[in-house]
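Visitor: The lines below spell out each chain.
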Amino acid sequence: MSEDKLSCEEVIEQLFTYLDGELDHVHSAAIDRHLERCRDCFSRAEFEKRLRERIRASARAKAPDSLHRRIKGLLDQY
Amino acid sequence: MDRLYGTALRLTGNPDDAEDVVAEAVSKAWSKLDDLRDLESMEGWLFRILNNSFVSLWRRRKTRDEVEREAVETSDAGGFSLFQQLHQPFLLWWGTPEQEFLNDVLQEDLQKALDALPDGFRVVIVLVEVQGYTYEEVSALLEIPVGTVRSRLSRGRALLQKALWHQASEAGLVHGRRPSDGGAGEST
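From first to last, the protein sequence lines are chains A and B. For the first sequence, numbering that gives the first Met the number 0 assigns the number 0 to the initial residue and increments by one for each residue that follows. For the second sequence, numbering that gives the first Met the number 0 assigns the number 0 to the initial residue and increments by one for each residue that follows.
Worth flagging that the hints you see were computed from the coordinates, not collected in a lab.
Restricting the straight-line Cα-Cα distance to at most 30 Å, the calculated cross-link-like pairs of lysine-lysine (BS3-like) are:
#1 A/Lys61 / B/Lys111
#2 A/Lys61 / B/Lys31
#3 A/Lys48 / B/Lys111
Chain A on its own, in the form it takes in the complex (with noise of 0.2 Å):
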């Protein structure tokens, strides 16, 4: 495969791999090149960035207090 000529079809393969940073630094470089000159590919990419956002916020909660308590009491033992 020539990095430097790869496919929509090749990118997008290999898209969650180089978004999660698994790509060695020849491959990625050759992905970016392509995200620089492909619009299609591009939009998909920063949909999965964007959902990937998403993704992370959903880990936000508020602790509950009945956790506090819990956490406080057992801190205490020591």
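Got chain A; can you put chain B on it based on the hints?
Guide: Structure of chain B alone, referenced to chain A:
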């Protein structure tokens, strides 16, 4: 505390287990505080203990075989892609349906879809997408091959996106389109 609880909530998928995991993690961390040499790395250290506490609880509840069987028995979403369902290439960038979807989808619906995923899929997604774990780190923590991490991530993401599509359809966020079981190469 909120971040620990929020992460535990997404890992376990329910508030009671999340409380148990955080309480166990804080207790373990407190008892091992002397082992922590660099205070700056405390956050990462705490989250690692949290993840280990979660895995211990998970292992007490479900065997590896049960998790694997659940994963195998779960219907495949066939590479379902929300983007491909929503995308209309002729629209301008500031008004695309996929951007509207991301603006409109409720955090509550996202949490519900994530929590409803079978454990084996949800856990790898939370570890990679929320906590930024590498595939190798997930593999080591869960004691599964890297190939299994990859496949669960891929199937879990497709299942999650399909569930979000169904929720959005029911909520009227995606007008005039019908959910499709289609694969990655399918267009609407």
